[in-house]
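Single-letter residue listing:
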Amino acid sequence: DIQVTQSPSTLAASVGDRVTFTCRASQYISSWLAWYQQKPGKAPKLLIYAASSLDNGVPSRFSGSGSGTEFTLTISGLQPDDYATYYCQQYNSFSIAFGQGTRLEIK
Amino acid sequence: QVQLVQSGAEVKKPGASVKVSCKASGYNFTNFHMHWVRQAPGQGLEWVGIINPSGGSTTYAKKFQGRVTMTRDTSTGTFDMELSSLRSEDTAMYYCARDIVLVPAAPGWIQHWGQGTLVTVSS
Numbered sequence: 001d002i003q004v005t006q007s008p009s010t011l012a013a014s015v016g017d018r019v020t021f022t023c024r025a026s027q028y029i030s031s032w033l034a035w036y037q038q039k040p041g042k043a044p045k046l047l048i049y050a051a052s053s054l055d056n057g058v059p060s061r062f063s064g065s066g067s068g069t070e071f072t073l074t075i076s077g078l079q080p081d082d083y084a085t086y087y088c089q090q091y092n093s094f095s096i097a098f099g100q101g102t103r104l105e106i107k
Numbered sequence: 001q002v003q004l005v006q007s008g009a010e011v012k013k014p015g016a017s018v019k020v021s022c023k024a025s026g027y028n029f030t031n032f033h034m035h036w037v038r039q040a041p042g043q044g045l046e047w048v049g050i051i052n053p054s055g056g057s058t059t060y061a062k063k064f065q066g067r068v069t070m071t072r073d074t075s076t077g078t079f080d081m082e083l084s085s086l087r088s089e090d091t092a093m094y095y096c097a098r099d100i101v102l103v104p105a106a107p108g109w110i111q112h113w114g115q116g117t118l119v120t121v122s123s
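Each protein sequence line maps, in turn, to chains A and B.
According to my numbering, the first sequence is numbered sequentially starting from 1.
According to my numbering, the second sequence is numbered sequentially starting from 1.
Chain B on its own, in the form it takes in the complex (with noise of 0.2 Å):
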């Protein structure tokens, strides 16, 4: 079965960065695009981007652009989202979710989540 482990929480000062991890199983890495969201405490859901597995392209949402980076590795089967310049405001649970439809169709509905990864951002 599909299955999406995070790597474990992290505690970051204000302007560091932080790479988030994620590895996947239990399909065929290279089908599937692979979104990353956020939920800050208490709030909504936000989507932050998605990478092609295939050629590692990649969109970012407007707010994130210039701080985000999210990368692949084929290899080792694992999905990974930095983000820069920390600020309290990204305070937040970060999720990897798999999306539905079978690349190189058009992506557009998150089907399988992973547990999440607490980033706290904090001076």
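Next comes chain A alone, as it looks inside the complex (with noise of 0.2 Å):
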């Protein structure tokens, strides 16, 4: 089975600074990868699928890139509602494995 391996598990950061998330595939997933947001007692939030197309609505600071086994995440300018739980996801053959989950916190 594929994994995908999130880093770091936590991240301190300011309002306004640029912040990166990093999710690493056990095998070469092509661009079959997402990221998802989670806030305290909601359900996750799609942000990115196929590793770099916005769902509707999520606002254009953020953006994700990579292909194959290196993906990333990236916030331009932090905002106060983006402090939350963020979880990458890859799909391959009907089977789908979640990130363990990156903290983001208020430093």
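Hint data in this document are derived by calculation from the structure and do not stem from the laboratory.
Using N, Cα and C, we set each Cβ at its ideal position, and we do this for glycine too.
A portion of the hints provided could be inaccurate.
[What the hints assert, rightly or not] In silico lysine to aspartate or glutamate, EDC-like type, Cα no more than 20 Å apart, as pairs:
1) B:Lys62 with A:Asp1
2) A:Lys42 with B:Glu10
3) A:Lys45 with A:Asp82
4) B:Lys63 with A:Asp1
5) B:Lys19 with B:Glu89
6) B:Lys13 with B:Glu89
7) A:Lys39 with B:Glu46
8) A:Lys42 with B:Glu46
9) B:Lys62 with B:Glu46
10) A:Lys42 with A:Glu105
11) A:Lys45 with B:Glu46
12) A:Lys45 with A:Asp55
13) B:Lys62 with B:Glu89
14) A:Lys42 with A:Asp55
[To be verified] Cβ pair distances, simulated, as ranges:
15) B:Ser84 with A:Ser76: 41 to 51 Å
16) B:Lys13 with A:Leu54: 39 to 49 Å
17) B:Gly44 with A:Tyr28: 19 to 29 Å
18) A:Ser30 with B:Gly66: 29 to 39 Å
19) B:Leu118 with A:Gly16: 33 to 43 Å
20) A:Thr10 with B:Leu118: 18 to 28 Å
21) A:Glu70 with B:Thr76: 43 to 53 Å
Hints given; two lone chains; assemble the complex.
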């Protein structure tokens, strides 16, 4: 099974910062990667799919890049509403796996 | 708009089974795959499996094979997930979650989520 590993597990940043999250797949997955944001007590929200496509209504400060086995999610100009946990997710042959998550904290 | 309304919280004893329901509305029921995802308290997301609402075919995560059954009822627009032989580690919030891609194209991205159903397994 293909696994995805996120780093770091926790990230502290200030409003206005540019922050980058990393996700590594255990095998080649082309662009079959998504990113989600989850706030406490809420369901996750899709941000990015197919590695770099922004879902409808997601602010343009969010961007995704990468292919193959290494992927990044970048927030350009951190806003107070962005403090949350971020998960990557890979898809392969009708099977899905989530990363363990990166918690974004206020610095 | 797309709505996924799940059944209420459940408390079960170890060894029992639980069925969680998800009523879908606001879109063509047979057009999008439905996933089930769970999240244990304070933990990350875990994919349980997926069902194609058009033909009813399913794929389950290896961890749950033999214990999980996913079904759909096209007449009522409802998806069900049944998990058997429950143990304390199955205590979690269970979500139904609709894919973004039209059937029969390959699914992969989860755009719409139910409100979650808390399943507690305790003796």
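These are the hints, each one checked on the structure:
| no. | hint | result |
| --- | --- | --- |
| 1 | B:Lys62 with A:Asp1 | holds (9 Å) |
| 2 | A:Lys42 with B:Glu10 | holds (19 Å) |
| 3 | A:Lys45 with A:Asp82 | holds (12 Å) |
| 4 | B:Lys63 with A:Asp1 | holds (11 Å) |
| 5 | B:Lys19 with B:Glu89 | holds (17 Å) |
| 6 | B:Lys13 with B:Glu89 | holds (12 Å) |
| 7 | A:Lys39 with B:Glu46 | holds (16 Å) |
| 8 | A:Lys42 with B:Glu46 | holds (15 Å) |
| 9 | B:Lys62 with B:Glu46 | holds (12 Å) |
| 10 | A:Lys42 with A:Glu105 | holds (17 Å) |
| 11 | A:Lys45 with B:Glu46 | holds (15 Å) |
| 12 | A:Lys45 with A:Asp55 | holds (10 Å) |
| 13 | B:Lys62 with B:Glu89 | holds (16 Å) |
| 14 | A:Lys42 with A:Asp55 | holds (18 Å) |
| 15 | B:Ser84 with A:Ser76: 41 to 51 Å | holds (47 Å) |
| 16 | B:Lys13 with A:Leu54: 39 to 49 Å | holds (45 Å) |
| 17 | B:Gly44 with A:Tyr28: 19 to 29 Å | holds (23 Å) |
| 18 | A:Ser30 with B:Gly66: 29 to 39 Å | holds (31 Å) |
| 19 | B:Leu118 with A:Gly16: 33 to 43 Å | holds (37 Å) |
| 20 | A:Thr10 with B:Leu118: 18 to 28 Å | holds (26 Å) |
| 21 | A:Glu70 with B:Thr76: 43 to 53 Å | holds (44 Å) |
Hint violations for this structure: none, all hints satisfied.
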